[in-house]
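Peer 1: All chains should be modelled from the sequences, with the hints used to inform the complete structure.
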Amino acid sequence: SQTIHQWPATLVQPVGSPLSLECTVEGTSNPNLYWYRQAAGRGLQLLFYSVGIGQISSEVPQNLSASRPQDRQFILSSKKLLLSDSGFYLCAWISGGGNEQFFGPGTRLTVL
Amino acid sequence: GQSLEQPSEVTAVEGAIVQINCTYQTSGFYGLSWYQQHDGGAPTFLSYNALDGLEETGRFSSFLSRSDSYGYLLLQELQMKDSASYFCAVREDTGGFKTIFGAGTRLFVKA
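Line by line, the protein sequences give chains A and B.
Per this note's numbering, the very first residue in the first sequence carries number 1; after that it's consecutive.
Per this note's numbering, the very first residue in the second sequence carries number 1; after that it's consecutive.
Worth flagging that the hints you see were computed from the coordinates, not collected in a lab.
Please note: incorrect hints may appear among the correct ones.
Stated by the list, open to error - Cβ-Cβ distance ranges computed for the label pairs, FRET-style:
(1) A:L83 with B:L51: 17 to 25 Å
(2) A:Q13 with B:Q2: 43 to 51 Å
(3) A:V15 with B:A111: 39 to 47 Å
(4) B:S27 with A:A39: 22 to 30 Å
(5) B:D68 with A:S20: 31 to 39 Å
(6) B:I17 with A:S20: 44 to 52 Å
As the list claims (entries may be wrong) - Derived contacts from chain B toward chain A, CB cut-off under 10 Å, selection only:
(7) L4
(8) Y35
(9) F45
(10) L74
Unchecked claim - Not close to chain A: a few residues of chain B, all C-beta gaps over 12 Å, as computed:
(11) T11
(12) A12
(13) V18
(14) P43
(15) A50
(16) G58
(17) R59
(18) F60
(19) R66
(20) S67
(21) Y72
(22) L78
(23) S85
Computed from a predicted structure; not experimentally measured.
Heads up, the beta-carbon is just placed ideally off N, CA and C, and yes, glycines get one too.
Peer 2: This is how it looks when you write it as structure tokens:
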């Protein structure tokens, strides 16, 4: 069966510090991968998506970046965090022919 | 541009039926999904409609009208555990199955 992992579960970082969030998927190959951010009590904002290794589409201009160094690994990064980067970060995947997005457990990031 | 509209909050009593509407505006529409999210958790998939009509899965049903750019989620025999946020999401006909989520509807189920 397929599983999706995200870590860390929670993170508190000072403004201006770097960020690296990792997402890995098991039990499937060549998934489409997604990063979303959710502010408290709000909807999901699509940040990046990837259809394959090294292929990244950016949805919102910001100080975040994403990379896909391996088929089932998706990394979200920042060189310098802003207060506005606080939120719940969710990684998701979908198979090429599927209709359902499977979400990871999320990382709750607080920037102070 | 893309936009999805759904009510911010709905309140209903246990055992009742509730309908959550979603209207959307997008280019290259491919399908409409619904997700449930409990506080502190990740969204979980409920249903998907690509064609007009009603899809039924147990107590939950979802409807789509492509010509009206409109869909709804119908929850029957409400239970307390159904208290959660419900998101409609549009899947666009672009490479990568780009999916855009609405702001969510908070459902409160009262005894």
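Peer 1: All hints, please: hold or fail.
Peer 2: Okay, the hints, checked on the actual structure:
1. Hint check: L83 of chain A to L51 of chain B, Cβ distance near 44 Å, so the stated range 17 to 25 Å is violated.
2. Between Q13 of chain A and Q2 of chain B the Cβ separation comes to about 31 Å, which falls outside the hinted range of 43 to 51 Å.
3. Between V15 of chain A and A111 of chain B the CB atoms are about 44 Å apart, so this pair conforms to the stated range of 39 to 47 Å.
4. The given range of 22 to 30 Å is respected by S27 of chain B and A39 of chain A, whose C-beta atoms sit roughly 25 Å from each other.
5. The supplied range of 31 to 39 Å is broken by D68 of chain B and S20 of chain A, whose beta-carbon atoms lie about 44 Å from each other.
6. Take I17 of chain B and S20 of chain A: their Cβ atoms lie about 46 Å apart, and the range 44 to 52 Å holds.
7. Given the 10 Å rule on beta carbons, the hint for L4 of chain B holds: about 8 Å separates it from the nearest Cβ of chain A.
8. About 8 Å separates the beta-carbon of Y35 of chain B from the nearest beta-carbon of chain A, less than 10 Å, and the hint is met.
9. With its C-beta approaching chain A no nearer than about 4 Å, F45 of chain B sits inside the 10 Å limit, and its interface hint holds.
10. With a least beta-carbon distance of about 19 Å to chain A, the hint placing L74 of chain B at the interface is violated under the 10 Å criterion.
11. Once the 12 Å rule is applied to beta carbons, T11 of chain B is consistent with being away from chain A; the minimum gap is 16 Å.
12. Distance check for A12 of chain B against chain A: the nearest CB is about 20 Å away, which clears 12 Å, and the non-interface claim stands.
13. Taking the minimum C-beta to C-beta distance to chain A, about 19 Å, the non-interface status of V18 of chain B holds against the 12 Å cut.
14. For P43 of chain B, the condition that its CB be more than 12 Å from all CB atoms of chain A is violated, with the nearest at approximately 5 Å.
15. Not every C-beta of chain A lies more than 12 Å from that of A50 of chain B, the closest at about 8 Å, which undercuts listing it as non-interface.
16. The non-interface label for G58 of chain B is consistent with chain A: the shortest C-beta to C-beta separation is roughly 16 Å, beyond 12 Å.
17. Remark: the non-interface label on R59 of chain B is consistent with the geometry, its nearest Cβ contact in chain A lying 18 Å away (cut-off 12 Å).
18. Chain A leaves F60 of chain B outside its interface by the beta-carbon criterion, the shortest separation being 14 Å against a cut-off of 12 Å.
19. Every C-beta of chain A lies more than 12 Å from that of R66 of chain B, the closest at about 16 Å, which supports listing it as non-interface.
20. Its beta-carbon lying about 21 Å from the closest one in chain A, S67 of chain B satisfies the requirement of being farther than 12 Å from that chain.
21. Separation of Y72 of chain B from chain A is adequate, the least Cβ-Cβ distance of about 17 Å exceeding the 12 Å criterion.
22. The non-interface label for L78 of chain B is consistent with chain A: the shortest C-beta to C-beta separation is roughly 22 Å, beyond 12 Å.
23. Distance check on S85 of chain B: its Cβ comes as close as 9 Å (rounded) to a Cβ of chain A, failing to clear the 12 Å threshold; non-interface status is violated.
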